[in-house]
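Undergrad: Residues per chain are reported as follows:
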Amino acid sequence: VTTTENENAAPATNQVNLTVNGREITAEKGELLIKAAQEHGIYIPRFCWHERMKPVGMCRMCLVQVDGMRGFPPACTTPVADGMVAHTDTPEVKKIQDGVLEFLLINHPLDCPVCDRGGECPLQDQTLAFGPGESRFSEEKRHFEKPIPLSGLVLLDRERCIQCGRCTRFAEEIAGDPLIDFGERSDRMQVTTYPDHPFASHFSGNTVQICPVGALLSKPYRFKARPWDLTTAETTCTTCAVGCRGALQSSSNRLVRLLGVDLDAVNQGWLCDKGRYGYDWVHADERVIEPQVREGDRPTEVSWPEALERVASEITRALDLHGPSSVALLGGARGSNEDAYSWVRLVKGVIGTDNVDAQLGDGLPPEVVLGLPRAEIDDLDRAAGIIVLAPDLKEELPVLFLRAKQAAITKKVPLLDLAPLDVGLTPYASSVLRTVPGEEGVVAERVVAALNASPNGAPAPDDPIATFAAAVRERSGPVVVVLGRVSVAQSSASTVHAAAALAGLPDVLFLSALRRGNVRGALEVGGAPGFLPGGVTLDAGREWFSQNWQRVPSEVGLDAEGILRAAASGAVRVLVLLGSDPISDYPDADLARRALDGAAFVVSVDAFASESSRRADVFLPCTVWGEKGGTTTNLEGRVQRLGRKVSPEGTTMDDWRIAGELAVRLGDDFDLEFVDEVTDEIAKVAPGHLGATAALLRRVRDGVVLPLREHLDEIRLRTRDLNILSEDGHAVSWDPIRSEAVVPAGSTAAVEAAGAGGNVNITPDAGDPNEPPDVAARSVDDARAESERAAREAPALHVWDRSATTAEAPARDGYALRLVSPRTLYDGGRIVTCTPALASLRHDVALLVHPHDLANIGVAEGDRVRVTSSRASVTIAVQTHPSVPAGIAALPFTADGKGAAELIDTTTMVTDLRIETVK
Amino acid sequence: VTTATTNGFSETRIVTRRLHERPDDSWTIDGSLASGGYKMLETVLRKGDPSLAQAAVSASGLRGRGGANFVTGQKWSFLPEGVYPRYLVVNGDEGEPSTFKDRMLLERDPHQLLEGIAIACYAIQCNLAFIYCRGEFALGHDRVTQAIADAKAKGYLGKDILGSGFDLDLVVHRGAGAYICGEETALLESLEGERGMPRLKPPFPAIEGLYAKPTVVNNVETLSTLPHIVAMGGDDYAKIGINRSTGTRICSLSGHVKNPGNYEIAYGCTFRDIIYGLGGGIRDNRELKFFLPGGASFQWLRAEHLDEPYDMDHASQKLGTSLGSGALMVFDETTDPVAVAWRLAKFYAHESCGKCTPCREGTGWAEKILYRILKGYARPSDFEMLCDVVDNISPNFMNAPFNQTTLCPLGPSVASPVASLNKYFKDEIMERLAANADAEVPA
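For the protein sequence lines, the chains are D and B, in the order given.
Numbered per our numbering, the first sequence finishes at 919, counting up by one with no gaps.
Numbered per our numbering, the second sequence finishes at 1362, counting up by one with no gaps.
Same shape as in the complex, but just chain D (with noise of 0.2 Å):
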């Protein structure tokens, strides 16, 4: 359940009345008179306030009157009160102004016109809007060395740094990573790394954002376009399944940049550095952009009509001889639903096999995924109680680890941290119990026992469970897990029965924590053995589907090690890479290897020449992010947009559009011809997504929560345009600094008006001045009247059936060490090594082992050592770590099919590994 910023439920006793500028205003009891002042339209300059992080009052910027208080306290640390007169516009206020922009301004460089910030600058903003028209500054300024890095990414120019604070605050209070801080004083007083640590966070990057004047720059994006010259387009980050609101901006047709965008549900303005900075790799030279058809060793370009042709006889030639299951589809988890959903429709209703799976076996089932209480992520900010058993969310899923933290340091929520070895959120947790991998399930029961269990005096501190769950039981609100394989080195089974145990508690909701960005939105349209689009199951949908598409699969197909397996044997004769590269990717890549050289052909529709795409006899080059529309569903099931920013390289097609051109050669013709069309083809065929058009997810603010049956009250019209963007799509500022002191005229009245009168939280759209409020406001009733026809006649969606789960730990044996092989975020994939400013970031992997281990292994820190599995023998360099616990081995999953991909035996539920010394 979301809030809006104009609830007119709230009870009145929690609203004050006030005046600002003779203004009678009503606000939240408590709420800053910066941002309620805001709120009603009256704009109070600021600098160093920031909504998402504490107040400091440092700038000064704000200071305003308020009768009865002495002086002029500052708006960003003023509460409204009842009955408060604050004036922001005396002329004793607009010469305080007016002298703190001179101040600012005095030891500023005013170097405007080679600033990368310089046309979107908050300080010249504010200047222009409440400062002095001239400067009386006749001394010299300070000088500092210009520019300094920071970090990898992110550089520092002190002469323009005003001394906000944004970003030293953002690194401690957001971050968590207090890597950045002032030093010096008075006017030498200088952002400063401390000795020989580099400001290397994960998410460095959102100080530049937030930096009210060019101090902070982006090493990838400096002296790379004027802001004026840049277009924006909204957009969904895809690089992780968190889902991430951000605006686009191209320049000459280039990506330039990517700025996090506040979505109060998702990311609230943060993005991760990855995310942020990982767009170049769209340009990359690397980037395959023509057909290709293999002819011996060789890749031959070809036209799309001659490739096109090549591929649908394979399938042709395949279902005659060998039927259905001698195809298979493998990935999808990258693109978009449109990109999946034609894929599925394409493999399953035209096809006829269900051999289809959007993840590369490091993920959990999809009737475990699909079939859970979902939780939203602002669910952890109102659990109970947060129990993580995921991978860790600081290299996989960044902003969810904000989220996560800020719900444990904030809210005060309990968390239980169940991590193999110490993770992002550790420091965090009100409570750590070190799980070894393959007990997750029995860890799982001795949780779901304690939470159950009636309250029996103070728990032992020592036992984490216990108090754990004494926390839990002194609040209300569910219990939250969010839910992951935690490494690759391991089977879904544990983690499956951890689930199995979990689910049994009275009041829990799951947040899957899954790789690849679209993988929920690829799960949702059926990218996965024995589902169809929408949530329901293969059997389930089948008579519903049947009226849609020419056929359904008649028996459930096989998962991604099932398609390899059968690959490898030969029985699947034609295979599908759908932007997946098995040989990096897949935790055995040996198995991937095989089944590569096994299947008779193999389709490669990618953007880059990977490993397994070079091995393809086809190779149909894709457009990528940024260069494509469409929806994506994050880990939630938020369904929200992708925004279209610069045009495809090449010839390179739509993956759904792809799809379309092999169905006309199979025989049926989709008749999709623009994206929204998929959009809304799958709003009205899938079950959990009836009613999400494309119309109404363009309206929508926040996206829309599947199944939308379910979330139809969480619809939010959009009130306004982003900040960010000028009604012609032109960036002018971002939120929350604008020189613009008003929101756009009529708004907010509207806003209020519509939310009085409706009986859902709807409100018109008021933001598009060419679009009258009934059309945005019918698209909801069609949303509704979609999901009421469903609730009649579709299909019920898939509740997982969890009795029949259980699965025994396996043993432990004591000469081994158990692999632990989790993903970081700067990993050997295409978006980190074809993106310049993120490869440096790469570190190289080592074996990592408790110091006990090393001196039982009998070497040396750093030394090579031969490690062994039951699939193979690898030799790596082996260091402590002190996060490491006894017994365990960790070793990242580098996606390049080395280390770890070479070790994992998928056939076992873990893999053990054997150390020994190399002569």
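FYI, nobody ran anything at the bench for these hints, they're computed from the structure.
Do not take every clue at face value.
Simulated restraints on C-beta separations [said to hold, decoys possible]:
1) Pro79(D) - Pro1004(B): 24 to 30 Å
2) Pro455(D) - Ser970(B): 39 to 45 Å
3) Arg1205(B) - Pro198(D): 56 to 62 Å
4) Asn17(D) - Gly1001(B): 33 to 39 Å
5) Leu1225(B) - Asn17(D): 52 to 58 Å
6) Lys1132(B) - Lys54(D): 16 to 22 Å
Sample of chain B residues lacking proximity to chain D, with all beta carbon distances greater than 12 Å (derived) [said to hold, decoys possible]:
7) Leu952
8) Phe989
9) Gln993
10) Glu1000
11) Ala1072
12) Lys1073
13) Arg1118
14) Gly1199
15) Asp1203
Chain B side only, calculated, beta carbon under 10 Å to chain D, not exhaustive [claimed, not checked]:
16) Glu1111
17) Arg1114
18) Leu1119
19) His1269
20) Ser1271
21) Cys1275
22) Thr1276
23) Pro1277
24) Arg1291
25) Asp1301
26) Met1304
27) Asp1310
28) Asn1311
29) Asn1322
All values reported here derive from a predicted model rather than from experimental measurement.
We put the beta carbon where it would ideally sit given N, CA and C, even for glycine.
Got chain D; can you put chain B on it based on the hints?
TA: Chain B in isolation, oriented as in the chain D frame:
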């Protein structure tokens, strides 16, 4: 109470009695015990009622000797009831230019301070106190540290003091050379290991102070007075002095006087008593040009004020200044007031912590303009500009009580010398700059 008379005016030695009487061992435990040390702590503990000590302090009318002159008993009364632990923090970061009395007390009578701390802690029921000692006070730090060890060994500090069941432990922390850390909230930040910058208020330290616990911050001299208040009784102590300025004050007298030094005087005397009586008058019998009546941060006074009473409320309400930290800096007729103003501004610009804009940027700018005026290459309009710049730090700065656009009073302190120049020496300055009038930039 002892008195020492110079030029017909007498000191009233209460807090400084021991260090004058025992110049060779006033700082040792033996010297202290031989002259009544810890007797009053014993008395307070024996009575067994913290509220009695509190009542004595309230009755004494004691006001803080750090510079803000806030009523000590009232400060204590802001502590929320029933919230523990609470802390006493001793502000020994005496950094105000021309102020050197806490240094003397730390170096020459640390046991008196410790006794005062123990009495205060008992009164407010606090079991852990922190002494924030200015980093440059090496000798003071060493002597306080030694004194704590000695007092602990004798049972005047530590567990179960004198069998009363009252525990008190002390932590001594050395500052690292920042004037701002004398501001109580910046001091707390620094004590917590953070960068010394003032906090937003509210919450006030009494509610959320050190480590977010209720905290009282008191000055060294303030606490050193407590044993004597206990000894004399609050009411009798209040009889010393004048009006709401009760008791004695250690006056750090410096500048162009014949006998600079620390003098403990009873409130109610005149500035003339201090400068011409105790100080022996102006060096070489020159004329007094002006003097700073309360440290560096308040407006100056001139010869016509010499017979005004040394009274805190009188200074702030009638004279538009303050007795501040109790330091008197005296300047004779040979002084260039612009040089003094510039040097003070330079101090504030150097010591500005950098947290808030008007102080960080404005003090430095004021210093630069004053330097140009001092060197004679400013335009007449520059003085007007200087006044306006200072007005943006401390709106309406010519009139007390001062206002501020800053977080703390450091920035507005630079307004005092400028206001003083404007009040007394404007014609003189304009005359000096008249030659540059032609250099005026045309409008």
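Undergrad: Are methionine 1304(B) and chain D close enough, Cβ to Cβ, to be under 10 Å, as the hint says?
TA: 6 Å, holds
Undergrad: Close enough to count: is the Cβ of threonine 1276(B) nearer than 10 Å to one in chain D?
TA: 5 Å, holds
Undergrad: Is the nearest Cβ of chain D still more than 12 Å from the Cβ of lysine 1073(B)?
TA: 39 Å, holds
Undergrad: Just to be careful: measuring from the Cβ of arginine 1114(B) to every Cβ in chain D, is the smallest value less than 10 Å?
TA: Since the shortest Cβ distance to chain D is 6 Å, the answer is holds.
Undergrad: Minimum Cβ separation between glutamate 1000(B) and chain D greater than 12 Å?
TA: Nearest chain D Cβ is 24 Å from glutamate 1000(B), so the label holds.
Undergrad: For leucine 952(B), is the shortest CB-to-CB distance to chain D above 12 Å, so the non-interface label stands?
TA: 43 Å, holds
Undergrad: When you look at the beta carbon of arginine 1118(B), is every beta carbon of chain D farther off than 12 Å?
TA: 9 Å, violated
Undergrad: Could you check that no beta carbon of chain D comes within 12 Å of the beta carbon of glycine 1199(B)?
TA: 38 Å, holds
Undergrad: Using the beta carbons of leucine 1225(B) and asparagine 17(D), state whether their distance is inside 52 to 58 Å or not.
TA: 55 Å, holds
Undergrad: Hey, does the proline 1277(B) contact hint survive, CB to chain D under 10 Å?
TA: 6 Å, holds
Undergrad: So is phenylalanine 989(B) really clear of chain D, every C-beta pair being over 12 Å apart?
TA: Given a closest Cβ separation of 16 Å, the condition holds.
Undergrad: Less than 10 Å between beta-carbons is the criterion; does serine 1271(B) satisfy it with respect to chain D?
TA: 4 Å, holds
Checked against the numbered hints above, the structure breaks hints 13, 16 and satisfies the rest.
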